[in-house]
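Peer 1: All chains, please: the whole structure from these sequences, using the hints.
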Amino acid sequence: MSQGCAAPAQTAHLPATVDLGNEAVIQGTVLRGGDPVSGAYARLLDASGEFTAEVVTSEEGIFRFFAADGDWTVRVLAPGGVSVDSAVTAKTGEIAGVEVAI
Amino acid sequence: MSRSDVLVDAAWVEANLDAPGVVLVEVDEDVSAYDKGHIRGAVKIDWQTELQDPVRRDFVDRVGFEQLLSRKGIANDDTVILYGGNNNWFAAYAYWYFKLYGHENVKLLDGGRKKWELDSRELVVDVPSRPETNYQAKEQDLAIRAFRDEVVDAIGSKGLIDVRSPDEFTGKLLAPAHLPQEQAQRAGHVPTARSIPWSKAANDDGTFKSDEDLRKLYTEAGVDLNKPIIAYCRIGERSSHTWFALRELLGLPDVKNYDGSWTEYGSLVGVPIELGEPK
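Taken in order, these protein sequences are the chains called A and B.
Residues 1 to 102, numbered by this note's numbering, are exactly what the first sequence covers, in order.
Residues 103 to 381, numbered by this note's numbering, are exactly what the second sequence covers, in order.
If you are wondering where the hints come from, they were derived from the structure by calculation, not from laboratory data.
Any given hint could be a false lead.
Here are the computed distance ranges between Cβ atoms for each label pair [as the list claims (entries may be wrong)]: (1) B:Leu327 to A:Gly34: 47 to 55 Å; (2) B:Gly353 to A:Glu50: 40 to 48 Å; (3) B:Asp255 to A:Glu50: 25 to 33 Å; (4) B:Val226 to A:Val84: 24 to 32 Å; (5) B:Glu241 to A:Gly81: 45 to 53 Å; (6) B:Gly324 to A:Asp69: 23 to 31 Å; (7) B:Thr151 to A:Asp35: 32 to 40 Å; (8) B:Phe249 to A:Asp19: 30 to 38 Å; (9) B:Lys318 to A:Gly80: 28 to 36 Å.
The structure presented is a predicted model; accordingly, all values stated were derived computationally and were not measured.
In this text, a Cβ means the ideal position worked out from N, Cα and C, and glycines have one as well.
Peer 2: Right, dumping it as structure tokens:
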């Protein structure tokens with residue numbers, strides 16, 4: 001099978017195969033004291049609070065989701081019992097940016 | 103069967119890292135996770151390159167599974183502890199393979215890699231070397247594997263559980279939201295399926311909910327636990343997680359995983375598809 005279900009690399013630039021015109025991207029960085037946090041868990045929750053997806057942040061602290069138009073919540077989990085929620089609105093053709101300080 | 107027969111916690115794993123006859127196996131789609139750090143002594147299985155047939159869409163066959171486990175140094179009487187990323191999706195998928203090919207003693211590490219990392223437990227980069235074995239697999243146990251015709255026949259008769267996210271169920275999304283959305287198949291779900299996302303069976307840290315909570319979850323969503331049940335998702339690994347909860351944790355006798363899942367069903371010509379909220 002060509003594609004499984006694990007996330008593609010969490011890079012700062014969209015993969016070349018992705019056409020942003022068809023995607024509602026939510027992308028952000030997890031920071032601690034201004035420094036990027038790699039290996040944190042970013043969870044995407046839909047408008048009803050239901051889990052939709054989860055990725056692990058990259059070396060640069062980056063996470064990315066391909067959502068749909070509407071309101072979403074990004075929940076960041078990290079060691080030490082850290083859990084931080086951020087509200088974000090996604091729109092097709094745009095990259096909705098989120099910075100999460102933990 | 104009790105929960106401890108199929109699930110171990112991180113403390114048990116730490117206490118049994120050097121126990122003879124216990125083999126830890128990390129299963130991921132993205133194997134760079136293992137290469138960056140894994141539980142001491144764990145071998146890795148690459149879901150994509152080692153568990154799938156390289157040409158047609160199917161698993162490794164019986165001989166392929168025997169060769170894989172022999173190469174990894176896993177013996178028939180070993181206790182295999184599986185864990186991995188993505189909330190144990192691929193570890194649960196591998197668990198289902200091990201059961202499919204008749205391995206006796208296999209368990210999941212509750213919470214998988216995520217819980218282990220969130221607990222700040224030790225990860226190492228040293229790759230263990232295990233002597234090759236002569237693993238013997240059984241024929242596939244088709245009592246736990248559903249094929250497409252059985253899914254169509256199950257509409258309105260057996261319990262069907264769609265474990266994808268609500269937006270994949272209604273047809274708003276075609277894949278989980280961490281993946282690009284362009285896909286060939288039609289959106290929607292199998293008519294009469296209940297929408298019970300796999301994630302409802304797990305806590306935020308990836309551990310499974312209690313038996314009581316699980317029973318309540320499926321019953322309240324309209325699943326008759328006394329009937330045969332088929333679980334599906336997009337490619338069959340998230341539904342392995344739910345299959346594990348239903349068959350291994352709750353001990354239900356007739357639960358199958360439909361590994362063809364939506365990428366097969368949504369591409370079939372002429373089968374019924376429903377859009378929108380569950381009816």
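Peer 1: Quick check: which numbered hints come out false for this structure?
Peer 2: 2
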